[in-house]
Each structure stands twice: as C-alpha cells, then as structure tokens.
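Trainee: Order-wise, the sequence lines are chains E and X.
Throughout the first sequence, residue numbering follows our numbering, covering 2 to 234 in sequence.
Throughout the second sequence, residue numbering follows our numbering, covering 37 to 560 in sequence.
No wet-lab data here; the hints were simulated from the structure.
Don't take every hint at face value.
[Stated by the list, open to error] DSS-like, lysine-lysine: derived pairs with alpha carbons at most 27 Å apart:
{"id": "1", "chain 1": "X", "residue 1": "292", "chain 2": "X", "residue 2": "305"}
{"id": "2", "chain 1": "X", "residue 1": "292", "chain 2": "E", "residue 2": "31"}
{"id": "3", "chain 1": "E", "residue 1": "92", "chain 2": "X", "residue 2": "63"}
{"id": "4", "chain 1": "X", "residue 1": "105", "chain 2": "X", "residue 2": "124"}
{"id": "5", "chain 1": "X", "residue 1": "292", "chain 2": "X", "residue 2": "462"}
{"id": "6", "chain 1": "X", "residue 1": "59", "chain 2": "E", "residue 2": "168"}
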Amino acid sequence: MKISIQRESIVEYEIDAQDSTLLSVLNKIKTTQDSSLTFSSGCRSSVCGSCSMRVNGKEVLACSYKVQEGDFIEPLKNMPLIRDLVVDMDKAYSFNTKAKAWLNPLSPTPSVTEQNTLTNEIQSDCILCGSCYSACPVYAVNSEFLGPFSLTRVWKYVSDVRESDSKEKIDTIQTNGVWNCTLCNECTMVCPQGISSKSDIEKLRSKSAMAGYSDPNFASFGGGFGFDGSPSF
Amino acid sequence: MISDVLIIGAGGAGLVAALHAHKTGAKVRVITKEYPTRSQTCMAQGGINASLGNAGEDSVESHIQNTLKSAHKIANEEAIRLLCGEAKEAVEWLDSIGVCFSRTEDAKIAQRTLGGASAPRACYAQDYTGLKILHTLYDRCLSEGIEILSERYLLDIFTDKESVTGASVLNIRSGEIENYGANSIIIATGGYSRIYDKHTTNSSATSGDGIISALKAGARVSDMEFVQFHPTALKNSSILISESARGAGGHLLNSKGERFVDELLPRDKVARAIHNEMQKGEDIFLDIRHLGEEFIDKELPQERKLAKLYENIDPVFDLIPIKPVAHYTMGGIEVDSKSCTIIKGLYAAGECANHRVHGANRLGGNSLLELIVFGKQAGENSASYALDISESSHAERGNKTIEALNNKPEVDFYKIREELGDIFYKSVGISRDKQSLESTLEKVQEYISLIPKMGVNDDSKIYNTNLIEFLEFKNMLELSKYILISAIARNESRGAHYRADFPNEDEKFEMHTIICRDGVIYEN
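Take these sequences, add in the hints, and give me the full structure.
Mentor: Structural data, given as structure tokens:
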C-alpha cells in the first residue's frame, strides 16, 4: 500500500503492511528504504508519549495506530517543527511549570481513600504526548494558553486530598488558563489515554468560582448574572 | 556550563538522584537523550516492593530473605538489607509527593503478590505504577526548579587523575557537541536489553550507553551475563504483560490447556518452564479470564488495552498468547556502598548500576524500589562529594568531536542490529551452552570488524536519528561482547544464567564476573 509523509515536501512510500502499527511501518521505512526519515519513538506500547503525530489530520500515537491505504502522516501542530515528524515539545512542557502542576505536600501525609483515588485516577494516566496541544484551537491562536495537559495536571493535584495549597493553584490558572478554553472538546477527542481535559477545565472553573473568581469574558462585556442566574450581556 | 552534580538519564533513578542532590545543596543539571517522562521507568507496571503488611502479614526480614533467595548467593546481603529496610520510607515518600497509588478499602496503600514473594508486597497504581511514579517525580523536579536538558546523547565522560571532570553530549536537535563540566556525575541511563532487538519488552532506547561510557572512563562493570527474561510478553510484539496478572491468579497454559508450572515462582524459573514447553512445540498462553471483567478493568486496565491493541484479543474472553523475552539486565556498573564507582566523583544508580541486590535474578517489584533507595543514595553522596571540592580543582574540559563517519556505508547496520537480536535471543537467551555462546562471540567479533564499513546515510546535522541509532548500535555491539565473555566463563547455571551444558549451580562460581581494564576477573 501507499502512504505519504509530510517532510520538507510530501513524500510517498510504497509499503507492505497488514495490520501493522504506523510505528512499525515507519521503522521499516527507516531501516530498509530511507534512513533519513525522522521521527521519535520509545516504548512502542502507548505509554511513553514519544510517537504522537497526525494521520489524516488527527492526532494519534504511531505505535497504536494501524496503517491504512493512502494515509497522510504529518507532525503535530502548534509546536516548532524540528525535522520531519519531530517537533519541539519544550514549550508545551513548560506550561506544567507555569501552572505549578505539582503537589504542595501536607505534613503528615493524610490517608487517601479508595473513593478519593477516583477523583484523579484517570488524570494520572497522562503520558504528556502533546496531542491535546496540537488539537487545541485556543493554543493555536494564544501561545500563552496554559493548555490541556497542564490544566489536567493542575486538576489532578487540586483534587488530591494530599494538596495543602489548592488556592495557590486556582490563583495561577486564572490568566491564560481555565477561562480561555472554549470547551470545544477537541483535546478529549484526541487523547490516547481517554482523558478529558475539557471536563477537568470545567471542574477547575467551578473550583475557581468557589474561590470567588468569575468568567472574565462576561465581566468584560460589563454584564453579570441576571436574577435567574443566567448570564446577561 | 559547570554544575556540582551532572546526572545523565532522567528516568526514575536520575530524577530521584536529582531531587536528593538538590536537597543536599548542590547545583544540579539533568541530561536525557529523550524527554524525562519518556524513560523506561514509565513502562514498569506491576509495583514497588515494601513490606507494609497492608494486604497480609509481612516483614522486612521476609523481603530480605525472598530477595536473597532469588539472587542465588551472588548478592551483597548488606545492600539487600538496606534496600528492603528503606522500602517503607521510600513508598511513604512517594505517597507524600503525590503518587496515585491504588488503595485498600481501609484507605491504605494497596499491595499485591508478585513472583518469589512470600506476601502481597508490591504497592501499585493499577498497572501503571512506573508511569505514575515517573511523572510525579518529574513534577517534583519542576517544583524544585531543577534544570533538565532533553534530547542530548551521552558521548563521553571526562576524567582527570581518576576523578570525574565532566561529560560531552551530542545535542540531538542542533547536531552540536556540548561539554558540561561537573564535580560529580551520576549515570542513570538504564539497562541493555535492547540488544535483543525485537525480543525485549524494553523501550528502543535501552542501549546501555552509560555503561559503555563508564567503562571507557575507567569504571568497572559486572555480572553482565545475567539477563532477566520476563515470562509473559505478548507473542507478536514482545510487549509486557505484568506479573501482577499472575499474582492475581492468572494461569499459564500450554496448547493442551494444561498448567505446567507454579506461576508465582521467580521469573527465571517460570521463563525456563515456558521455554521447555515451547521446545516441545507447545504454544503458551496466559489465562486471566476467570478474574472477571470488573477486576481486570479495575486492577489491570493497561494489560487489557495492550492485549487488544497488539495481539487482537480481549483477555476478558480470550487466552493471551505469550512468550518470554529479555526484560531487565542485572549486570551493570560496579558501585560501592555509597553508589560510587572506582572513579572519584562518578556514581551510578538504577538499572545501569550493579548494587548487587538482584544477584542472578531480580524479583518483581524490586527495580522500582532500587530507583528510589539508590537514587537517593547516589544523589546525596554525589552532592556531598561535589560540594567538598573547590572550584579550582576543575581540570581543563576535554573537547570532543565525533569521529569522521563513513557516509557511504557498504554494510547496513540496521540489518546487523536485527540479526544480532535474533541470534542473542536464540543463543544467549533463556538457555545457553558453550557452543552457542562461542559461535555468537565469533559472530559479534565479525560484526565489530565490519564497523568501519558501516555508517550513516543521513548527512543532516539536525535531529539525525540515523546517527544516534548507529552510536547506540556500536555501544550494544561492545556490550554484547562483554555479555558473551562473561557467559562463556561461567560454566554453571545460576538464576537467569542457565547453561544447558552445566545445568547445576557450582559453588566455585559464587562470585561476580568483573569487566575492567585488565580484562575479565572474578571477585567475591
């Protein structure tokens, strides 16, 4: 079958693939046809997040996507391209620092119940593959938007009973954070781990509201909330 | 560009070392050839051992005895006592920084049984234990402002008068060589299972780079012949199915549907039993159907996902076709009770190091533990050492260039890399003998002699993975030689090193095989 890959120009490759992952096909091309083809990979079992790229416009992990005739392979969007299918993820990663996505520990460490673990179990499955930043239309136009995986990480820690200062975290995500998201759900659609950053952002919004923050998009229109609680403009 | 402590490798051991070196007061820089969260540690599934007794009676002493037994008399009991003795504190520390461990109904950290353990001792986070530990460590490093430089490939470690002075790395993105001075260096670059190519559960990055650099710098490595084969990897892809599937009651079956081994023996024994069945022509399966969908989804969600994705079967309803493949390398850089090598200021931790706690066969759940315990030890000791040295004692840094590469290769190293993996799996695998080992060594020597005819077709400076893979391949080829020399010399069977021509343990080999400047030597 034929697939094409966006390199400096679009290059078409003839490959022999049946029920093959895209990663195994890329490895085959590299080791037998064209050793200059450049991509990242690691675990080949969907847990290291190295081989995220786009197929026919949609973000996938190459190691978990099964190749189809005519597939068009591109690098992730919204990140500086280094070469072929490799992008520079440093900036996306840096939002974890900006968003203070870590635990401020309590001493002694409180015990965590089975019920507690359910609030952030799936969020801790994140592999930082960056698919969500590639798919995010807000990040595409606002390069300072904290973005999906870092906000999911903030929710993971904010919702953790071991967190001592969730207020600080909520304060941190007000600018270029939770209110910038349009809740379009693109991040959820592409997450290989089934995480919904959109719903984590919604949860962070209600935490923010409880902390006294409100949606600045409404405020800027000089509006507020009507008597029935619905926003007025 | 000088730091007190330079850490090469940003998996579990590297990041733990970074946190503790930083805490000790050192200026720390971490370098990785990937991104930190992409390291091999993320692939650990089963758990981390600590005798907390949350799921059944247990004690530190039982943990010690189980580990000693599995090591087959070539471990350092003191090091094992330290490892097991610090386990509780290690897990409590991980809990305190936010690792999402699974919990029991009474809000304790959940524990399960892995092979060779007398009690449910492995603390886990579903079957994503390594992933969740690694990411939490990474977040912790961010909170401490620790400098981490990604996509730098280790070339050389510099020494002056038997003391470390720095390292040179290839910036993969720019293609430039960068030199980093340091008072001390910790190597935390992982194991060398990738030699087995498609017959390993490991990431394609586990090429043992740090071990080769340490050797070149004058350090010693040991016990290279001990390679652990994990009993249950998916048959077609070699992707790991966690031991916790057997710990929870999963059965191993042959084609006739018969069980043929106690599934909870240590990995060397189970892998050998499977190998014997396969030699008889049997296909082998892991059966977890009786555990039920609810249990599998709660405790083993990744296993179900992997089996569906890579084997096209659903373990809730189907048998999982499996085979044993290379999984963990017990051998590595020789270190003392401070995690220091014989080179002053050069430390090692994690799979690349040999703290002599696993001996001839590692127990499941002890590798995540070693990252935490010895990562901390290496971090603290390297920092204290670095802070004691005055700046003025820094030697002139070396200036490294990559040797001219053959850009018209006549011999394709990718083909040889694959061949090497196939030969190793067959001849330096679960069962070896003099003839298979010697003929493989001959083959490896032949490959080594062909290196000048190999090279890199891609002439780009920017992100040249063709070049990186060639450099990794050369490291693996050299390591292959040491594995073989060590395996040939050990005329006995012990743990993971099974010699069909010497099937019994032999007292006179109760020793460590050391590779050093003087060649191969034996030591107690």
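Trainee: Does the structure keep residue 59 of chain X and residue 168 of chain E at a Cα separation of 27 Å or less?
Mentor: holds, 26 Å
Trainee: Residue 292 of chain X and residue 31 of chain E: Cα distance at most 27 Å?
Mentor: violated, 41 Å
Trainee: Please work out if residue 105 of chain X and residue 124 of chain X have their alpha carbons no farther apart than 27 Å.
Mentor: holds, 21 Å
Trainee: Check whether the Cα positions of residue 92 of chain E and residue 63 of chain X lie no farther apart than 27 Å.
Mentor: Within the cut-off at roughly 23 Å; holds.
Trainee: For residue 292 of chain X and residue 305 of chain X, compute the direct alpha-carbon distance and say whether it is at most 27 Å.
Mentor: Holds, at roughly 21 Å.
Trainee: Would the pair residue 292 of chain X and residue 462 of chain X pass a check requiring their Cα atoms to be no farther apart than 27 Å?
Mentor: It holds: about 25 Å lies between the C-alpha atoms, which stays within 27 Å.
Hint compliance for this structure: hint 2 is the single one not met.
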